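Chemist: Each chain, letter by letter, is given below.
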Amino acid sequence: MTRIVVGPFNRVEGDLEVSLDLADGRVQAAYVNSPLFRGFEQIMIGRAPLDALAIVPRICGICSVAQSAAAASALADAMGLVPTPNGVLARHLIQATENLADHLTHFYLFFMPDFARPAYAGRPWHDAVARRFAALRGEAAADVLPARAGFLKLMGFLAGRWPHTLAIQPGGSTRAITAGERIRLLAQLREFRSFLEKRLFGDALDNVAQLTGKAQLLAWADGRSADFPAFLAAAGDLGLDKLGRASDAFLSHGAYGIFPAGTWQAGQAAAFDPLAVDEDTTRAWLAEGRPRHPAQGETIVDANKATAYTWCKAPRYAGQAYEVGALARQVIAGHPLLLDFVARDGASVMARVVARLLELALIVPEMERWVHALQPGEAFCAHGEMPDEASGTGLVEAARGSLGHWLSIRRGRIERYQIIAPTTWNFSPRDSKDRPGPLEQALVGLPAGDGALPTVQHVVRSFDPCMVCTVH
Amino acid sequence: MKVLWLQSGGCGGCTQSMLCSDPRPLFDELRDAGIEFLWHPALSLESGEEALAVLEDCAEGRLAFDALCVEGAMLRGPNGTGKFHLMAGSGRPLTEWVERLAQRAKWVFAIGSCTAYGGFSANTPGNPLEACGLQFDEQTPGGLLGAGFRSPEGLPVVNIAGCPTHPGWVVDTLEKAALEGLKPEDLDEFGRPLLYAGGLVHHGCARNEYYEFKASAEKQSDLGCLMENLGCKGTQAHADCNIRPWNGSGSCLRGGFACIACTEPGFESPGHAFQETPKLAGIPIGLPTDMPKAWFVALAALSKSATPKRVRNNAVVDHPVILPAIRKKGGGK
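In the order they appear, the protein sequences are chains D and G. In this text, residue positions in the first sequence follow my numbering: the first is 13, and each later residue adds one. In this text, residue positions in the second sequence follow my numbering: the first is 35, and each later residue adds one.
The set of hints was computed from the structure by calculation and includes no laboratory data. From a predicted model like this one, the values you see are computed outputs, not experimental measurements. Careful: at least some of the hints might be erroneous.
Derived DEER-like restraints, expressed as beta-carbon distance ranges [said to hold, decoys possible]:
#1 G/66 x D/133: 53 to 63 Å
#2 D/387 x G/180: 50 to 60 Å
#3 G/184 x D/385: 51 to 61 Å
#4 D/299 x G/219: 47 to 57 Å
#5 G/340 x D/397: 29 to 39 Å
The beta carbon of each residue, even a glycine, is placed where N, CA and C say it ideally should be.
In isolation and in its complexed conformation, chain D is listed as follows (with noise of 0.2 Å):
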């Protein structure tokens, strides 16, 4: 058996090493290893607690909104408060907005440049996608940069700005959109429309949310000539389908009301029970204590620990590892085409990627019906008073899955405050039993060292992993 060491890992957000042993080229066991630690949850004691707001989005560039939802949820739970609808359809399309540019910077920016990778130099793929794909010179980004940016003009409108917005508040939302501003969205959508429907779907949205199995979904992309399709043809030839596969237990804490909060596990869907969550430090370089409920987590490092590999925590429900998602979200919600996936081989690259261009094809639709309900002169923001002592929890989805927030407040000051991010569930580290995270599992017996393709590689990214979330 050998080790080797895989880092750093370009094109995930944040830094991350991987280290994996090796017998006959192929990975016995690995460890996740998130190398940089950086303390939010300290920074916020103390303070004022709607001082979270602007402290909290600055945890990560690129779900900087899932985590200002997150913290608004929580100190609307301490306070009682119950946003306006204006205030909920708001916040609905802030955070779709962010969701949906981070499963196309993910896509075309993060996960499809290693398949320009001149390691699959001679597959009948390999020149169309390496044109298309590759880092930094690729003609497609000159297609999406601009797609991109023009969604999240959206952000002008709604939020001010992305990333590191204050809009979103316990209450609702600090921008009360105009008549006007409302037919500028709905335009703002379809030209983003337009290009998922030429560009990456080749398709309409509706004819994609529509897909029902994955032989349907191969079927239809068939010769089809855009980008999705594409990813399909070369993930099919690798077997990407069949690869990448953890425990398939899924957990989601809900997204825009469409989609239910729940877990997933051999065909089981059962309702969430936040209070079942807790975090265990064993392996991380944090004091080691039993495993806590975030509610009454603490963070105190440890930098010496000689057990330790990593600055994650583990979470786990109900005492095991989950993985979390728009994979999980979708089936979760009981979207026949990601169930279909699931059932034939799991979870995998392949399901993970379908699951999240999907939410495109699902979400864009809703957006436009919630701008329609925007009612332009009622009230976006209710308020309310900030008690002297309470506690709160937050639970959103960011783009990469479940996000959660917990906090207290003793003598109108926050007293604690944790966070469990997407990466932290996905990325997590073994616990005091020993039970390995969902990527920990998913890397098991792929091919890896001297020689190998880059499946690594693939595996590591169809989770979109966002390291500074998880070391928040």
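Use these hints to put chain G onto chain D, whose structure you have.
Modeler: For chain G alone, kept in the frame of chain D given last:
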């Protein structure tokens, strides 16, 4: 101009923001201006050993590059070891990589307030991360590279401060360097390029009529001026956010929330709640830059007494309840 980019104690948001550069696609725009990324952690193909080989060749002078862009605070802890960020695969502190590479670059750019001054990473009580900027600890010169650092072009670190940076601040500064170089007089005393930090966020603020009449917002989502009650520092913060729009048409003020002066060193610990204006005897403590206090107080009192009803009423609601009057020819109403 060959650019080498590193990330450390930050959120990656300055890169995410830069990708919103418009109207031309970022990569095309930079390429046509003669700028290429030798390696960028979020954008380049090279991973693992390939990436480390690029960095090592640059650090040893075997591979020439022009600009070192660093995004994120420098984490020197715990106890000076740099272990809070060992660069993946290398086992070496990111701070060591930056120190080595900075010696080889013609220009060193701090991308974002974390990199320039330490930012939120330096703000944990007691700063256990031992975080700092490249050449500042908040307002104090020093930082990782030291107050005396000068690049071969004779420049200190160029601090493209902001949390995050506007895409135009980064792209314009890089393009200016590529086109005609940068001189010390192109920067202000905190190392910020004057091309975006030469004015105040207040300049061009869409809420200016409310500011003129001191018609102030009282709660989040109100249309009025955010300075008196809701913590806005637009009259003190150096940047062009209301002249150079964000994401098409936005800015913090246009988004309905306060400027928290994210381009200023130490913005992260203002000494008061971000969304509240600290006051003494009812008067905001942080007055507009260059404004004598006595005049401000006198003018504020005068303008408050002269506030038109439209402005006064619209200031405390989230959509205009009174529209500007229409004058018709012939002097009628």
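Chemist: Hint by hint, note whether the structure agrees.
Modeler: Results for each hint:
1. For residue 66 of chain G and residue 133 of chain D, the hinted distance range of 53 to 63 Å is not satisfied, since their beta carbons lie about 29 Å from each other.
2. Remark: the range hint 50 to 60 Å for residue 387 of chain D to residue 180 of chain G is upheld by a beta-carbon distance near 57 Å.
3. Here the CB-CB span from residue 184 of chain G to residue 385 of chain D is close to 57 Å, well matched to the stated 51 to 61 Å.
4. Between residue 299 of chain D and residue 219 of chain G the beta carbon distance is about 51 Å. The supplied range of 47 to 57 Å therefore holds.
5. Look at residue 340 of chain G against residue 397 of chain D: about 34 Å separates their beta carbons, and that is inside 29 to 39 Å.
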